[in-house]
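Residue numbers (our numbering), protein chains in the order written: chain P, 1 to 437; chain E, 1001 to 1435; chain W, 2001 to 2390.
Among the hints, erroneous ones may be present.
[To be verified] Below, in silico cross-link-like pairs of lysine to any residue (SDA-like), each with a Cα-Cα straight-line distance of 25 Å or less:
1. Lys1104/E / Gln1418/E
2. Lys354/P / Asp2137/W
3. Lys1157/E / Asp2099/W
4. Lys354/P / Asp2099/W
5. Lys2313/W / Met1015/E
6. Lys286/P / Lys1157/E
7. Lys1073/E / Asp1056/E
8. Lys246/P / Tyr1141/E
9. Lys1171/E / Asp2137/W
In short, the hints are calculated from the structure, not lab data.
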Amino acid sequence: MEAYIGIDLGSTTTKAVVLDENMDVLGRGITNSRANYDTACKVAKYEALLAARFTLLQRGLASVVAAEARLGDFLGSLERSFRLGQFVEQLDDLEVTCLEKAKGGRFKGREEAIAEAIGAIFVTLRADAPALFARDARRKSDFFRDLAGSRFMAVGQETAKAAGLSYDLLLNIYDKAIIEVENRPPSGEIRDKLLRALDRLMELSPDLTDLVAEVATPVRRALDIPTEEMSVVGTGYGRVTLPFSKEHIRSEILCHGLGAHMMYPETRTVLDIGGQDTKAIQVDDKGIVENFQMNDRCAAGCGRYLGYIADEMNMGVHELGPLAMQATRSVRINSTCTVFAGAELRDRLALGEKREDIIAGLHRAIILRAMSIISRSGGVRDQFTFTGGVAKNEAAVKELRQLITENYGDVAININPDSIYTGALGAAAFARRAAGH
Amino acid sequence: MTVTAAAEVVKDSSMLKQKEMISGNYRKLETAAADGRKVAATFVPGNLNELIMCFDMLNNLPEINAIQNGLRKKTGGYIMEAEKRGHSEDVCTYVKADLGMIAKGNIGPDGQKLPNPDLLLLSYTGCFTFMKWFELLRDHYRCETAMLHVPYQGDGKITANMIAYVVRQLKEEVIPKLERISGVKFDIDRLRENLARSARAEEDFVWVLESAKKKPSPIDAYFGGVYYIGPIFTAFRGTQDATEYYRLLRAEIAERIALGQGPVTPTGDMPNERYRLVVEGPPNWTSFRDFWKMFYEEGAVVVASTYTKVGGLYDQGFRHDPAKPLESLAEYCLGCYTNRNLPARIDLIEKYMEEYEADGILINSIKSCNSFSAGQLLVLREIERRTGKPGAFIESDLVDPRYFSPANIKNRLESYFQMVDQRRAGGGSAPARAA
Amino acid sequence: MSTPTAEIIARCQALFDDLNFSYAREWKAAVPGRIVVGYMPFYVPRELIHAAGGLALGVLGGGEQLEVIQGDAYYQSYICRIPRSTIELGVTNRLDFVDAMLFPSICDVIRNLSGMWKIMFPKVRSRYFDVPQNYRDDVGGTFYINELNELREMLAEASGREVTDAAIRASIGLYNENRALVREVYAFRARQPWKAPSSEVYLLMRAGMILAVEEHSRLLREYLAAAAAEDRPRRDNSRVVVTGAFCEQPPLNLIKSIELSGCYIVDDDFMLVNRWEQSDIAEDGDPVANLARAYLHNSANTSAKYEPDVAQKGLYLVEAVKRSRAEGVIFASPSFCDPALLERPMLQRVLAAHDIPFIAFKYAENSGQMQPIREQAGTFADSIKLWSNQ
């Protein structure tokens, strides 16, 4: 398997895409960027290679397992089994690290009690683990920090009480340990881990035993295909810190332009609203960037603006869009200044305006800023592609559609469910080019 | 792409000469009172250096002090001082750097105490802020002020009415005040001699600017350019020193051309010219070296810039003319870059793009300077439309270190250069495929 | 039941709210050959426009109601709002009936906008209108007379008719009358501010940006009569002068907020063009020379004008305070306004020297949050009272 990898180091998440020699997407991976871009990069890449392996499995099994639903069920179960294995591995690592952190210094004299409590917590965590990865289990997040953290806090409180220890003390140990653990990139071969996952699958889902036996050979065959990392190209805000040479780094503008082109070849204008910047890119019929504009020094109107508003309203950022969709009218919000918007918001609330109407106005304000950046870059001439975190916000999308249509007429507006991978996809395409194909 | 590391920073003899001229002027300013020399404070665009020299007065330029302090990273503190004293965070940082420096004892960039001016010679050319700046200085010094109001070229041309108005102000307002303060009688022949020397220097200066039409360009007309404009824009135009400086400079550049060398950079000669740019807008001074580095490390050469025209558009044919001394000064003041209307500025940039065979235009938009900045996004749009060449837009400030974000600017410049590369390569990108 | 003042103000409010300038459109359409000439703050010689058979239309940005969609694409975040909203008015065809635009020399942003207008609206005659910063008749005066004559020629071309001396003299007469009425409204408000709330006076003056001068004068007269006749409750407010708002206008809510928080505005510099000349311009003799002389020797002070005499610097504000018997000054300036913000420290020094209290804040024409303004103005009003009772 020839793998051409693109990695997009964003300010909040890091994404990776693996392409094969035919420019087909084999896999995608995502992780939180943390403070450590190096690890984020490794994790995202690992995740993308894992997904790529699943693509190979799917391809290899398609002829063996005729029923699509059955195959899907099998692969889903295999992935959950793999995730469980990985989760338990990281739990083990976390426990060892916690124990190390709880030695000496201010812990003197209490070390044993602490070790015992930690041990007890992790017994519970490990016991709870399979349920987390059960067929219909709902997880709020797939990041280890979130999964382990919430369970640790839930279990820790009781355990601390029972052991006569301060909960804060345990939490403190955990906080120190988790940073180390999440910054340790995954180790071990994906192939071996998947084989172990396959074994575990028979324990976890006895109903699949027959199927597992049936596919054992083609699975092994698919897993035995070696991965050849042909080339890696990095992009994104953190690209200067990437452990690559300059030739393997491309600006996120170029990668976004090319990525959007690959998703929608008729795209001529790309708008990306990310956490820290907004960019409008014009591309030609080959995905080559012809022009671009980014938000000016003032970061007003970027994704962070919504985050700030959510904080002000004591809401989750993902709740804003749905709330705004309930609006019957849109309150004019004049401040796109992130700081002033908070004051204006409170002023409007005090005047008795409805929350949803104000939030709708805020969405319009952010899109108005984007409109001016689009206009600076040369406007919209043909198909238009919207990417970035804000593209997932339905209220923002609604405003954008309306304003694009009002100002530029009836153009196609593309929003890809995988738009978060646009930059990484473009980078992967550059990787393939860099490899001389 | 990398620049040949020089064991030490290369200093050409022209650079050494200029350095000596600048520090010489600061030394003279320091001892002005003791030497019985009168001092005029004035601005760069539309300055009347040849005229001031006729009265044996010294020339202190607040803008240059702010720039020199910016290069020495002293302005951040001065600006905060001025803001503490009630000056708005929204206004020009040259003004605040100057007022802050005065508030903190008026020690000049070279460490010498600057003299109180005997005359504030307000050449109101191409920038509204100048007028307020001198009113603020007058509020502090309580000294004589001469206002020279230079009308704006609203329709992109200099009219007879404008020239007559400026000449009349020179005769009725400026010269009588200079005579009274200096005690020296105005001698128009002396002015003619000074103007003749200016014209000679201007001839060599233009030759240097136009050398950038060669490939590779032997000069950088922005980062290097700000050094080349030094003498002719400031206290030296019309002096023998300036004439000699430009003769030296011209010879040095001629040699670079003969050797096929690129521009001088702080780390040596730039070996590989990859991008030729036209730059609009003043540079940032507090991070000048870092800013420059972002260009020469990528092989980007600025072949023409508008900032090097704020003190006169000599390359468009203007010369100080001893045959019509006062009219010539008036034309000079009226013709400075920021005194031209926006359509004329756009035409000039378009001309530069073509004549200097540039790959693109870069606009460094300066928060302080509305005279330059207001309308630059239209300039960008028009130049892109007319030339089909890509433009880049970055933002910074003159001397406020808070407004220079290196990561941000580097990100944009890199993206821009990569875009130029990609567009040059044409085709060659990945085939479209639904993903 | 609505009062006579309320009816007048309702008319002014409707003119103010109408960003399509229907009045001016209808005025132009009513008689063939009429022209409309737009102008930006702070001053243009409206007499010449009138004498050319034109309507002088004050373009003061888009206010708080206009949503700026395209105008922002032309300006960086550190530039004030009036040019953005003015461009928005232009690109949305709201000014498509305007034959010529004048951009006075107020600052570099408006100056550069004159050139942008030439590029963006090539069919409109756009002129940067320079005024002298030298006030000698034989220097600045000569220059200005020539500038006025150039403008006169341009207007004659636009309207297709000669602008005669007699027509200019007649226009001067009408504007003299108008300015006298404006001064009277201001004086009336300074005497009895409870009878002429600032939001009303503001709207009344704004009407002068669009109405034909004869009609505006009629409206001013009616308002003076109606306001004098109407009883309104008198509040224990402090009396303040508002300064720094001569270009980009504050939202009407801001003016109301200042008054609601306990301050009577007894003088302001909102629309200086309405009272630029401080007494009548001579109506006999060379009318252009008369306009020039009035500009040089008899016009209002503002930061866009050079003050040649250091001793006089800022005294105009002290005089405004004395004339209107104000107790303090509110510096209300648009964000990023060079003229107002560079001038402010000098004015504040002069006020401090005369023991006149002041506060300062910034706004944009579309500022949404009034709470901080109310708090500041309210505290200021209270402190003035405490201070004067000591």
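Against the structure, the hints come out as follows:
1. Lys1104/E / Gln1418/E: 45 Å, violated
2. Lys354/P / Asp2137/W: 61 Å, violated
3. Lys1157/E / Asp2099/W: Holds: Lys1157/E and Asp2099/W sit about 22 Å apart, inside 25 Å.
4. Lys354/P / Asp2099/W: 44 Å, violated
5. Lys2313/W / Met1015/E: 44 Å, violated
6. Lys286/P / Lys1157/E: Distance of about 45 Å is beyond 25 Å: violated.
7. Lys1073/E / Asp1056/E: At roughly 33 Å apart (the allowed maximum being 25 Å), Asp1056/E and Lys1073/E break the hint.
8. Lys246/P / Tyr1141/E: At roughly 55 Å apart (the allowed maximum being 25 Å), Tyr1141/E and Lys246/P break the hint.
9. Lys1171/E / Asp2137/W: 15 Å, holds
Taken one by one, the earlier hints fail for this structure at numbers 1, 2, 4, 5, 6, 7 and 8, listed in ascending order.
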